[in-house]
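Colleague: Chain by chain, the residues:
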Amino acid sequence: MAVNKRDYYDVLGVARGASDQDLKKAYRRLAHQYHPDKNQSDPEAEEKFKEAAEAYAVLSNAEQRQRYDRFGHAGVSTSAAGAGYGAPGFGGIEDILGDLFGFGDVFGAGGRTGSRRSASQRGADLRYDLEITLEQSAE
Amino acid sequence: MGKIIGIDLGTTNCCVAVLEGGTVQIVPNKEGGRTTPSVVGFTDKGERLVGQIAKRQAVTNASNTVYAVKRLIGRKFDSSEAQRMRETAPFEIVDSQNGDARIRVQGRVYSPPELSGIVLQRLKAAAEDFLGEAVSEAIVTVPAYFDDTQRQATKDAGKIAGLNVERIINEPTAAALAYGLGKTESERIAVYDLGGGTFDISILEMNNGVFEVLSTAGNTYLGGEDFDERIMNWMADQFMEDTGIDLRKDRLALQRLKEAAERAKCELSTATETSFNLPFIAADASGPKHLNKNLTRTKLEDLVNDLVQQTIEPCERALSDAGLHANDIDKVILVGGQTRSPIVERTVAEIFGKKASAEINPDEVVAMGAAIQGGVLSGEVKDIVLLDVLPLSLGLETRGGLFTKVIERNSTIPLRNCLTFTTVVDNQSSVEIHILQGEREISSGNRSLGKFELVGIPPAARGLPQIEVAFEVDANGIVSVSATDKATGREQQMRISPTSGLSQDEIDRIIQEAQNSAEADKELRDRLDLNNKLASLVKNTQRAYLEFGGLLTKEQQETGQQLLQHGEAALGSTEIGEIRIALDQVDRLARQLTTAMLQSADAESKSN
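Chains as they are written, first to last, in our numbering: chain X, 1 to 139; chain E, 1001 to 1608.
For reference, chain E alone in the conformation it holds in the complex (with noise of 0.2 Å):
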């Protein structure tokens, strides 16, 4: 098996990370940077741009950069949250075949697994160049309060990109381990995890290299965007009344509110005060405007205290669950960049009466405590095991659209449970089960994980038939359901249609395009990198050339010359052929000025 490497893939920013030689390091991307931004940007030339670069051109291209695509991982297109994206999103969400939220970009419909999976592609190729050896294992973070749809997606995800996700890992609880890796005190620690699109609250002990985790709880459209959001909607609101003018209906202006806005935001987490200064954000009748404001710390605190409010309950929840008080956490520890401000530290101190330790970083932990997990896996890391929990009840439909529960949340994974279930008529010959997750007493009010139908009982009387039905939840938190005919001791047949998510031939369609435009990407990468190489030689050559050209023959000087200026046409080409041939004659022309100059100076030597 080679490296598993560790990735938190994140709503606005992704962090790689290897085991290597007992260490765990941090994989840099191309452009050196430690995380990358998950965003997408297709270009009007056909173009896959990922990360930063993506980023930096989405004020230009907004409608065609997708970003915080985990925010619609798993979700329905008529679901609250993808609806309240749709309001700000500059991108298309649209609805699909089975209802499942998907993106429009430049005329294409793309499924969220598929946007993440192409985040992932270039997540894979930087630790490929990092490690220099292919990578095809991973483990992947999701939040905790992640439910299975979501978790299956991310998976699906993965197969996109050519990775074997060898385990999906809860993002709090891959942060713990980061934090405990060595450490052999027993602490009861709560990982508080805002990131930038949702939130997690995970209660752990740690003893002797057991990681338990005790409870969890959350809200998976919580998070840093909404802080954003709320800085958006405070400039346009300042900008209607100064103006008249509703930046809301541009898309444009809308992606440069949000930069402006995130920017404010990390600014007030060490300054008091900040301003914008947007110019030229929309124009009227009487001319082009601009929007200057200040915004301080204080008008910040209010515009989002409830969304901190919001944290306050499920970590209330989580420690009632673990059975526990606040005053039993020994530690707490901050993950995902919106801990940062100061209104969340404190509202944290508050919650469990104590400081935020601030040993670790949290942009980077995450990612960390997945490689620690695959060495985990690889045998490398040995006296460490995990023993995470199921986040949300597990349970089917009953009569009257009532919801019971089968698997209680916060039980530990892997785990297992049975029920039996007979016939009411007699031979009645299937049973359709609908299986849901979720806390609600009302099934509507849970999440359909998908229905299946016992068929094939064989003719008895009413209430004779003994089926068990077993419920299974792997380290992964992802369920699976079997059948058996107790009477007969035969594996039950089912016919399982899962209410979300892609299709084993969606996925392989999905990965087959996915491969062709990595070779694209690869080729595009190749041409840049040489594209850049030509340009640096001819204009070094030129410059040699202007300054030694003297010293060639006429014949030589003549094609040289000429040589030059093919150099300088081929730049940009969008051939790869012609710029290697291109960088092969100004080499060829540089190497003949070099001797020339060698010879000058030999020569020179001489007479003196």
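Just chain X, with the same shape it has in the complex (with noise of 0.2 Å):
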């Protein structure tokens, strides 16, 4: 799920550190690069918006962000994680295999996707990703 993503930070083209306002600007002047509707000949030009308006969307909340930044794209609610594993309807065997049906939970809870999973899925790989200045570095 989370492969091949890439890293929200680079996506904007901003430090780790960037502030809010930074995220704004870099956000902006890629929607003005990117949006479909400046690009109507260009499909990638779309993808490269959401990509981009992905990436804000969590940056830019201060919780999100915080998540992102100690679990990578794991840590984010948003269109990374999916729905974990579970179908949730069954054409017509529903009835029958209402019992075998062991994934209730997850979608029972009727939160954010992703936020509960079952606990035979496989965890989320941790990464950390820290800038530190040189004088941090020596503290």
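It is worth saying that the hints were derived from the structure and are not from the lab. Just so you know, not all the hints are guaranteed correct.
What the hints assert, rightly or not - Chain X side only, calculated, beta carbon under 8 Å to chain E, not exhaustive:
1. Ser41
2. Phe71
3. Ala74
To be verified - Example chain E residues on the side facing chain X (calculated, C-beta under 7 Å, incomplete):
4. Leu1377
5. Val1385
6. Arg1416
7. Ile1510
8. Ile1511
9. Leu1546
As the list claims (entries may be wrong) - Simulated restraints, written as ranges between beta carbons of each label pair:
10. E:Arg1251 to X:Gln33: 56 to 62 Å
11. X:Glu135 to E:Asn1327: 45 to 51 Å
12. X:Asp7 to E:Ser1136: 40 to 46 Å
Built from N, CA and C at the ideal position, the CB exists for glycine as well.
With the hints as a guide, dock the two chains, each given alone in a separate frame, to form the complex.
Modeller: What follows is the structure in structure tokens.
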């Protein structure tokens, strides 16, 4: 799920310590550049815009940014996480299989996808990306 | 690419704008108006009237005159909205095979997109006359709070009118574009849009040409029409008290009440009192009854107060979704005719703690914004980009009828989000997925967009197949779904059965019919134009003949009289050819008269 996803800071082209104002500026610049309205014949631009919008959505939210900084893509629930395994509905055979449905709790909570995962699922890789200054490293 | 026109397809009025040489111009309609009533009338002669003329004949042709179709577009017959409209609408609202609300006029059933299409067709023709070139592309606006089905249906209406809807944009966003064009300072604005049928509130941030919608909320069944209805009911109640007659049972009376209510409402925006005077509105054994009443602004505000109060909660929700407080808002913009009511102005000032900006025209600003967006798409406007949001969360039905959100409301569009599905029994070959839109925790409380079945999953042990389902929302706010089998990388087959709307076949059929009637409309228009020409030519020639006919030869006089009689007889003919011939003949007589007059004047000056 989180494979091949670019780092959100890279997407926006800002440093990890970027201020909210910097993020906003970078996002606006990319929006001007890649929004599909301005690149109607270029489907790649739309993908780039979506990537930038996703990155900005996460990083402009203090709580999500913190989670992203600590856990990477796996830490944020926006598009990356998915619903975990378990099909939410089954045409026709649902009744018979009701009891076999082992993942009800994933959805039953009614919360955001990926926030509660069933035990059988592999845990997220932990990743710490830290940027520290020379002074900090010497402390 | 030709011009992309901007169309505000309103519940009660429409407005068209185009970008010409860097400035936005409102396109006047045939009758010269800057807005066109969203009314379609069907006469007993089989003619279709649109706009002001349709509205004018509504009183005498109530059951065949359709208005406020936007309140039905993309809605089910069973929905509370359609049922509420049935109570007061003088035309017939009926059920259909897939449960969508439709309208029956003169025995034929029309879908709401078809009726909106008729209006759009007329607006398109007006724009073509104005620009002097064919128009095939348009930006059409919708209430921000319209769901996917309502957006799709609006797009279908465009198709039916022969318009390529390049983009559906949200009305408040369009208003913000028109307001902010050319402004460079950074501002947070709230757009409060109370139109004929819908209410929207959007919070935006503008900065350096980026118009970013932070949040939006609203109510797609709250607007000026409801204000009118309150006044109508009040009048009917008063009349009932006085006479014991219920005017609500009489379609014609109802239509007259509606007109009077609308007029009174507008007057009370500036005056503090107005009067109704509806003679012969009903009759009983004792004779005809008249309705004469006074309505004060205070009483009106009493009648509609709860409607205005209903706009407060969405405003608060939008602010909170944007993570802002009322005092973070720099400017408040009012859109929609209903915001002219003092009670609305006061309420908005209370919500945001400041008076609304009076810089813009609430009736035209949406169409202007749409035209600007047209300019952005055609490349004519370079320094603006609009970042809009998905108004309602998107998700699917999960076990126990619960609703699981996949994409949260107010996410910036376009966007894409993926979910991975698998099977729960060995060799399971299909999975059904039910897609919904809304904010309720329970599926049945939300709007069903469609069901699809993942089929042809290769046989495997349960839990092994990984099918990635991608939910995609385009810049119009319209949703599409696709699936890939992650094991094989193959596009997964899907069967989608939309729960609403018109099928491609239906749309094609309607387009064909619309084209036919466009031809009929054009012929009718040409005929009326020629007829008017003939009428004035006959009148002028008659006058000239009376005065100067004596100058003609005897023979000329005889045929001249005949020609004039023919000309008069041809007036109002349904045969365009007949009118054309008469026009030619009378024209010839007119020339003879002029020549004779000139000759006699010549002779006179010589003899002098």
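Colleague: Look at each hint and say if it fits the structure.
Modeller: To see whether the hints hold, each was checked on the structure:
Nearest Cβ of chain E to the Cβ of X:Ser41: about 11 Å, over the 8 Å cut. The hint is violated. Of the supplied interface hints, the one on X:Phe71 is violated, with its beta-carbon coming no nearer than about 19 Å to a beta-carbon of chain E, more than 8 Å. Nearest Cβ of chain E to the Cβ of X:Ala74: about 14 Å, over the 8 Å cut. The hint is violated. Because the smallest distance between the Cβ of E:Leu1377 and any Cβ of chain X comes to about 6 Å, under 7 Å, the interface hint for this residue holds.
With a cut of 7 Å, the hint placing E:Val1385 at the interface with chain X holds, because the nearest CB-to-CB distance is about 5 Å. For E:Arg1416, the suggested interface contact is upheld, since its CB lies about 5 Å from the closest CB of chain X, less than 7 Å. Given the 7 Å rule on beta carbons, the hint for E:Ile1510 is violated: about 28 Å separates it from the nearest Cβ of chain X. Residue-level restraint check for E:Ile1511 is violated (minimum Cβ-Cβ distance to chain X is 24 Å; threshold 7 Å).
A cut of 7 Å between beta carbons decides the hint on E:Leu1546: the least distance to chain X is about 65 Å, and the hint is violated. Range check, E:Arg1251 to X:Gln33: about 57 Å between beta-carbon atoms, so the 56 to 62 Å window is met. At about 40 Å, the CB distance of X:Glu135 to E:Asn1327 disagrees with the hint of 45 to 51 Å. For X:Asp7 and E:Ser1136, the hinted distance range of 40 to 46 Å is satisfied, since their beta carbons lie about 44 Å from each other.
Checked against the numbered hints above, the structure violates hints 1, 2, 3, 7, 8, 9 and 11; every other hint is satisfied.
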